[in-house]
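With chain D held as given, fit chain Z onto it using these hints.
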Amino acid sequence: MGEPGLRLVPAGGGADVDVLVGRVARGDASAFEALYDELSSAVFGLARRVVRDPARAEDVTQEVFLEVWRKAARFDSGLGRAKTWVMTIAHRRAVDAVRRSESQKRQDERTAPEEVSHDEPADAVIAAEEQGAVRECLETLTDLQLESVRLAYFNGYTYSEVATLLEKPLPTIKTRMRDGLIRLRDCLGGHR
Amino acid sequence: MSTDLHTLSGAYAIDALSEEEAREFDRHLEECPACREEVRELRAAAAQMGAAEALAPPPALKSRVLAAADQLPQLPPRVSRLEAVRKRRWSAWLVAAAAVVVLALGGGVAVFESQRGENQSGFAATVAQVFQAGDARTKTVQTAHGSLTVATSPSMGRMAVRTDGLKPLSGRHVYQLWAIHSGVPTSAGVVKNLRAGAAMAMPSRGTTVAITVEPEGGSEQPTTAPFVRVDPRSV
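Residue numbers (the working numbering), protein chains in the order written: chain D, 1 to 192; chain Z, 1001 to 1235.
Here chain D stands alone, though its shape is the one from the complex:
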């Protein structure tokens, strides 16, 4: 973890997400709106990437923000940053949605190209900074680490499904997934 004082501050001087969540916890609707403005692109983008269908990604985004609204008083700032909390909820919800629908049909998306464009003007500055660091850091992972992390995180596969897909032993995938995330963490920490 980097120095708290050196963390990346959005270029546009965006509102502090932690402060906003604290206000949302007290029922502040204007803070909730500001929080939506601040994080809806991150949440929707991730949901869209995981569930793929834009309409369902909207539903997931709505679920995420309503959960944030409901549970803001339960967010514990001692356990991490509010943005991480929101993105963790977003990922959980997106994966749940994809797993629900996968029982109906699961297209094998393991090699699907990114179909999402990233040239949204509103978030261009912030996103570019974050994206640059993330992309650079993902390049430090080994192929197997990267593949394991991406299949799980962006496609919603469990690690045992990943092992099957990649035809690797379970313990190998389990370890690669963890090692990959540790490498990502360490690299991103160095970017702050």
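Mixed in with the good hints there might be a few duds.
What follows is a list of derived Cβ distance ranges for each label pair [stated by the list, open to error]:
#1 Z:PRO1215 x D:THR164: 48 to 58 Å
#2 Z:LEU1169 x D:GLY190: 57 to 67 Å
#3 D:LYS168 x Z:PRO1215: 54 to 64 Å
#4 D:SER30 x Z:SER1204: 16 to 26 Å
#5 Z:PRO1059 x D:SER101: 20 to 30 Å
Not everything, but these chain D residues come out facing chain Z in the computed CB check (under 7 Å) [claimed, not checked]:
#6 GLU58
#7 MET87
#8 TYR159
Here are the simulated BS3-like cross-link-like pairs (lysine-lysine), alpha carbons at most 27 Å apart as the crow flies [claimed, not checked]:
#9 Z:LYS1192 x Z:LYS1167
#10 Z:LYS1167 x Z:LYS1139
#11 Z:LYS1192 x Z:LYS1139
#12 Z:LYS1139 x D:LYS71
#13 Z:LYS1192 x D:LYS71
Simulated from the structure, these hints should not be mistaken for lab results. Quick reminder that beta carbons are idealized off the backbone N, C-alpha and C, glycines included.
Below, chain Z alone, put in the same frame as chain D:
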């Protein structure tokens, strides 16, 4: 700690465990602070990876979300991790006991613990402990609904209230505790058993504790005026 289990932290952090495995790992986390820290850090890294996918949603979604939130009540704060661990350990006792609620006050977190007054072990001891602390200060106030006794102990950093002097309400109403900071009330829980009493960490300066009568089940915001309001620092 099983090394084998520990290496699941990565998969756990990115929701790649089956439900059953995730539950098992949840239990493991309660016993393993190092694992909790690792999961936190890996989630933060994953969150950044996710946020790098940012894509603006259709503008119409915003009004839908705001309108839906407007109709949705918020949940009160929850038990802290420590309380959750205890709760599991003493689940048999707690089944019979009343609610345990955590109350967020400004930056700090205070814990209200409601319990049966007659039980002298576990949580119940905390109310008694505050009252019996060497430096305890107590104050009894008469209210329209009976008497309420408040104790504070600077050495324990806690306060406690005894509610057994309050008159029982009809089944349709309950007493609800509130922490009021800068004029904003936050629910601190419903008093389910008057003999229980409640204990909490000493609230931050400027926070007062109030009690209102609310419809059964409690309210998101007070619907009646408090019949008693106590500044813990004036006890």
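**Request:** Could you tell me whether the CB distance from LYS168 of chain D to PRO1215 of chain Z stays inside 54 to 64 Å?
**Result:** holds (57 Å)
**Asked** How does the Cβ-Cβ distance of LEU1169 of chain Z and GLY190 of chain D compare with 57 to 67 Å: does it lie in that range?
**Response** holds (59 Å)
**Message:** A closest beta-carbon separation below 7 Å is what the hint needs, so does MET87 of chain D meet it against chain Z?
**Reply:** Holds - the Cβ of MET87 of chain D comes within 7 Å of chain Z, reaching about 4 Å at its closest.
**Prompt:** Is LYS1192 of chain Z close enough to LYS1139 of chain Z, meaning Cα to Cα at most 27 Å?
**Reply:** Measuring from Cα to Cα gives roughly 22 Å; hence the hint holds.
**Request:** Starting from the hint 20 to 30 Å, judge whether the C-beta atoms of PRO1059 of chain Z and SER101 of chain D obey it.
**Result:** holds (26 Å)
**Item:** Restraint status (C-alpha distance of LYS1192 of chain Z to LYS1167 of chain Z at most 27 Å)
**Value:** holds (13 Å)
**Asked** For the pair supplied as a hint, LYS1192 of chain Z and LYS71 of chain D, is the alpha-carbon distance within the 27 Å limit?
**Response** holds (23 Å)
**Asked** Taking the CB of PRO1215 of chain Z and the CB of THR164 of chain D, does the distance hold inside 48 to 58 Å?
**Response** holds (53 Å)
**Item:** Hint validity - TYR159 of chain D Cβ closer than 7 Å to any chain Z Cβ
**Value:** holds (4 Å)
**GLU58 of chain D as chain Z interface residue, shortest Cβ-Cβ below 7 Å** = holds (5 Å)
**Request:** Could you grab the alpha-carbon distance between LYS1167 of chain Z and LYS1139 of chain Z and see if it respects the 27 Å cut-off?
**Result:** holds (18 Å)
**Request:** Could you check the hint for me, namely that SER30 of chain D and SER1204 of chain Z are 16 to 26 Å apart, CB to CB?
**Result:** holds (24 Å)
Taken one by one, the earlier hints fail for this structure only at number 12.
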